[in-house]
Each structure stands twice: as structure tokens, then as C-alpha cells.
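Novice: Residue numbers (the working numbering), protein chains in the order written: chain A, 1 to 215; chain B, 1 to 215.
Calculated from the structure, these hints are not laboratory results.
Honestly, I wouldn't trust all of these hints.
Stated by the list, open to error - Non-contacting residues of chain B with respect to chain A, defined by C-beta distances greater than 10 angstroms in every case (computed): (1) V10; (2) R25; (3) G37; (4) L42; (5) R48; (6) N92; (7) S129; (8) I130; (9) A181; (10) T204; (11) L210; (12) A211; (13) F212; (14) A215.
To be verified - In silico BS3-like cross-links for lysine-lysine, where the CA-CA straight-line distance does not exceed 30 angstroms: (15) B:K49 <-> A:K197; (16) A:K117 <-> A:K67; (17) B:K197 <-> A:K197; (18) A:K173 <-> A:K67; (19) B:K197 <-> A:K49; (20) B:K117 <-> A:K49; (21) B:K117 <-> B:K49.
Stated by the list, open to error - DEER-style ranges, computed between Cβ atoms: (22) A:H28 <-> B:V126: 27 to 37 angstroms; (23) B:V30 <-> A:H28: 51 to 61 angstroms; (24) B:Q71 <-> A:S129: 37 to 47 angstroms; (25) B:G61 <-> A:R145: 45 to 55 angstroms.
No residue lacks a Cβ here, since even glycine has one placed at the ideal position from N, Cα and C.
Number of protein chains: 2
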Amino acid sequence: MMKRIPDVVVRRMPLYLRAVEDFARREHEVVSSQELGDWTGLTPAQVRKDFTFFGEFGKQGIGYNVKFLRQQLREILRISENVHVGLVGFGNLGRALAHYLIDSHVTDNPEFGSPDKLRVTAAFDVDESIVGTDYRGMPIFHVDRLSEIVHEHGIKIIVIAVPARHAQAVATKCAEAGVKAILNFAPVTLNVPDEVKVHHTDLTLELQSLAFYTA
Amino acid sequence: MMKRIPDVVVRRMPLYLRAVEDFARREHEVVSSQELGDWTGLTPAQVRKDFTFFGEFGKQGIGYNVKFLRQQLREILRISENVHVGLVGFGNLGRALAHYLIDSHVTDNPEFGSPDKLRVTAAFDVDESIVGTDYRGMPIFHVDRLSEIVHEHGIKIIVIAVPARHAQAVATKCAEAGVKAILNFAPVTLNVPDEVKVHHTDLTLELQSLAFYTA
Numbered sequence: 001m002m003k004r005i006p007d008v009v010v011r012r013m014p015l016y017l018r019a020v021e022d023f024a025r026r027e028h029e030v031v032s033s034q035e036l037g038d039w040t041g042l043t044p045a046q047v048r049k050d051f052t053f054f055g056e057f058g059k060q061g062i063g064y065n066v067k068f069l070r071q072q073l074r075e076i077l078r079i080s081e082n083v084h085v086g087l088v089g090f091g092n093l094g095r096a097l098a099h100y101l102i103d104s105h106v107t108d109n110p111e112f113g114s115p116d117k118l119r120v121t122a123a124f125d126v127d128e129s130i131v132g133t134d135y136r137g138m139p140i141f142h143v144d145r146l147s148e149i150v151h152e153h154g155i156k157i158i159v160i161a162v163p164a165r166h167a168q169a170v171a172t173k174c175a176e177a178g179v180k181a182i183l184n185f186a187p188v189t190l191n192v193p194d195e196v197k198v199h200h201t202d203l204t205l206e207l208q209s210l211a212f213y214t215a
Numbered sequence: 001m002m003k004r005i006p007d008v009v010v011r012r013m014p015l016y017l018r019a020v021e022d023f024a025r026r027e028h029e030v031v032s033s034q035e036l037g038d039w040t041g042l043t044p045a046q047v048r049k050d051f052t053f054f055g056e057f058g059k060q061g062i063g064y065n066v067k068f069l070r071q072q073l074r075e076i077l078r079i080s081e082n083v084h085v086g087l088v089g090f091g092n093l094g095r096a097l098a099h100y101l102i103d104s105h106v107t108d109n110p111e112f113g114s115p116d117k118l119r120v121t122a123a124f125d126v127d128e129s130i131v132g133t134d135y136r137g138m139p140i141f142h143v144d145r146l147s148e149i150v151h152e153h154g155i156k157i158i159v160i161a162v163p164a165r166h167a168q169a170v171a172t173k174c175a176e177a178g179v180k181a182i183l184n185f186a187p188v189t190l191n192v193p194d195e196v197k198v199h200h201t202d203l204t205l206e207l208q209s210l211a212f213y214t215a
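If we strip away everything but chain A, and leave its shape as in the complex, we get (with noise of 0.2 angstroms):
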């Protein structure tokens, strides 16, 4: 049905979502593409061309519907009902970020007034003392059983927090359990199957690239 959306188009669409469910809350019931494109710093014309990857949102010269578009871009994103997400280390950084998915954050965010459906159900970790605890609810296995508990918990991304040398064992595990997306946070290139896509936080990267603006 739909074209091969390129990935840095997917990855505007939430931005898209995060603005349109700013001017739904401001009770505007029309945006444009040149608000859309002020809100997200893009061109008015990249808003209306990344849109076309998914069909028609709105009329020439009247705008988009602001309920509309919030449901399409949900739909697209797959957020209208319920992902599950799993969080595989459970160390410094890995509870920092269980911190922030569940407490503060994606679960149900105040900041943006839309309690979305990314639900964070199962942490997994080796170290004996957690496996078996929970962390606000949510339950600490061992990593052993990754495949088990991703298939029970229907779970379709992994977050993956931990030591760069666990990371690739890791992640063939998640690749063989079905799972479809990986949040890596560890500092290394993954290889899995093509049909599971990688998306990669590198700190390193990131402060390296900012160097480049320090001069």
C-alpha cells in the first residue's frame, strides 16, 4: 500500500505528532504546513513532501485537521494501540532510563498531554540480586529468558543497556525471539537480520559531533 518510507522520514513523524498534539491541546482545529514546519524547524514544502509518503492529510491551502492528522500520524507510528517494550540491562544506565520511560515519560506524558502506548513491561538482567524484583511494577527476569517473556509479553522493541561486549549476544537473542526494533545504547554496530530495524544512541557520537561545533 505504502511506498519504502525512507527512515529519516519515519523518524520526523513523531516530532510531526509531538507538534500537532501541541496546537490539538491550544485547541487549534486547523494547522498548516508552514506552522508544522515553524514548530519543527523543517521547511514548509519537507512537511507537505514527508506527508505524501503516506497519502493526502489535508487540502491545498486550507491546512490539516488537527484531530485528523493526530490519529493518521498514530496510526502510521503504530502508537494507536498498545507496543510493548522490553529494557535488557538493568545497571546505571538501564534503570536511568526504566527511570524515565516509566515514571516520567513515555507511559503517560504530561508534558504533552498524550498518554501514548509504548508500555515498558519487562526489564531482563543477569545480576542475581534484581533478577526476580521489580522495579515500580515492572518485573526483573533473567536474561535467559528473554525469549520466553518477549513472546508471552508480546513484546515487538527491545531497549538494550547493556556493556558493549553483551551487546551483539543480546542482540541475536532478540532477533531469534522475533523481536522487530532495538534502542541500542551500547557502543557498538549490531548485526541482525534485516527484517529487525536498529536505531542507535551513541554518546560518544554525539559528543564527538558536537566537537565539531566547539572551534
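Given chain A's structure and the hints, the job is docking chain B onto it.
Specialist: Frame of chain A, contents of chain B only:
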């Protein structure tokens, strides 16, 4: 001297650096754009095009001298000399970032055999129970002293890991203090003058864009 470099190109430079360091470690003397492309997942044409922004690094049909390219990339990224980094917010996330940056990562990265020059030299918080203490030798200051310490330490990059509602105030302080670049972990868009470069790491956006691939 140089053309204005698109941010996407700047962001790929650390990846090329990591690739070329891997080739250096494996004692390659020369590397081709094909090999760099295979390593980074980009096309050889993209590699060559990216490098044209910075001048001539190699010869047609011969490839790039590994040591020369590594040094060039470090200089382009301004990490051939020390770059001082500050961390604002020392809660769960800030502590995890400090752990990652100081203990395991940027300051001396055994994973890739190349100590780089990004040094996290100070953290800032408002919690009086930690202000005045240190984390593995890195002092934690009250955020009221941001401007003073930024000047004293020559800090060029600030990592913001505070709650969303405080992030703009911190960013404004950073800009006033002459910080050149901000890596923002708070889920808000920051308004700063054009001369301050902001990169945004937003877990919610990352997970929402990955949700697209879960169908």
C-alpha cells in the same frame, strides 16, 4: 575556508573516525571508500561525497592513508585537543551518563583503542546533599555556579539531563555562559541563539519512530 557543512555530514564524521580507528587497529595502511562504506553501512559514493566537504583525503583508485585520515578526522572534529564537557543534572540519568562517560567511555575508550579528548570535568545539580561532593574525582557544583565554572574549566559542551521543566532555564544559562554546544536529554525543544548547536536525544521520539517498524 570550509563550506558550510550539513549537520548530517558532521554527524557521520565520528562514525568514519571509528571505522578508520578499527582499520588502524587491524594494521591496515590504506582504506578504500568501499571498505569505509561497508563498515559504516553507507555507499562508497556517500563516503567520498562527505569527504569532499573537507578537502582531499585520498587519491582516486588508491584509497585513503589510514593514519593521515584518522588525524584529519580528529582535527575536523576538534578532538585532537582536549574538549571539556559539563553535565547538568545529577539524578538517575545524569549519574548513568557520568558512569558511561567517565568510567567506561569517552575519556579512554578501550573498545576502540583510542583515548579521545572529550573530558567530563564538572557536574551541576541543585540537590544540596550532593553539591560539594564528587563522582570519581569529578566535582559536583551547584547549578548557580554554572557560568563561573564553565569559564574556569573552559567547558565547551554541556550535557543537559534535568527534568523537562528546568531544561530551558539551564539552556539559557549555558548560552549566556558561552557554551558552544548542548546535548539535550530533556524531552523539550530548547530555544537558544543560533551560535549554540543543540543535539537532542529524545527517547520518546526514538521509541515512537521504532514503533513504526513493529507492524
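Novice: Does B:K197 pair with A:K197 here, judged by a C-alpha cut-off of 30 angstroms?
Specialist: 28 angstroms, holds
Novice: Assess, step by step, whether the Cα of B:K49 is no farther than 30 angstroms from the Cα of A:K197, and give holds or violated.
Specialist: With a Cα-Cα distance of about 26 angstroms, the restraint between B:K49 and A:K197 holds, given a limit of 30 angstroms.
Novice: Next pair to validate is A:K117 with A:K67; report whether the Cα-Cα distance is within 30 angstroms.
Specialist: 17 angstroms, holds
Novice: Decide, holds or violated, for the assertion that all CB atoms of chain A are farther than 10 angstroms from the CB of B:A211.
Specialist: 5 angstroms, violated
Novice: Just double-check B:A181 for me: nearest Cβ-Cβ distance to chain A has to come out over 10 angstroms.
Specialist: 4 angstroms, violated
Novice: Would the non-interface assignment of B:N92 survive a Cβ cutoff of 10 angstroms against chain A?
Specialist: For B:N92, whose nearest Cβ neighbour in chain A is about 4 angstroms away, the distance does not exceed 10 angstroms, so it is violated.
Novice: Would you check the hint for A:K173 and A:K67, treating anything up to 30 angstroms between C-alpha atoms as holding?
Specialist: Violated: A:K173 and A:K67 sit about 40 angstroms apart, past 30 angstroms.
Novice: Between the alpha carbons of B:K117 and B:K49, is the straight-line distance 30 angstroms or under?
Specialist: Given pair B:K117, B:K49 holds - Cα atoms ~27 angstroms apart, limit 30 angstroms.
Novice: Kindly confirm whether 51 to 61 angstroms is satisfied by the beta carbon distance between B:V30 and A:H28.
Specialist: 58 angstroms, holds
Novice: Please test the hint of 27 to 37 angstroms on the beta carbon pair from A:H28 and B:V126.
Specialist: 36 angstroms, holds
Novice: Taking 30 angstroms as the top limit, are the C-alpha atoms of B:K117 and A:K49 close enough?
Specialist: 40 angstroms, violated
Novice: Find the nearest Cβ of chain A to the Cβ of B:A215 and say whether that gap is larger than 10 angstroms.
Specialist: Per Cβ check, B:A215 is inside 10 angstroms of chain A; nearest 5 angstroms; violated.
Hint compliance for this structure: hints 1, 6, 9, 10, 11, 12, 13, 14, 18 and 20 are broken, all remaining hints hold.
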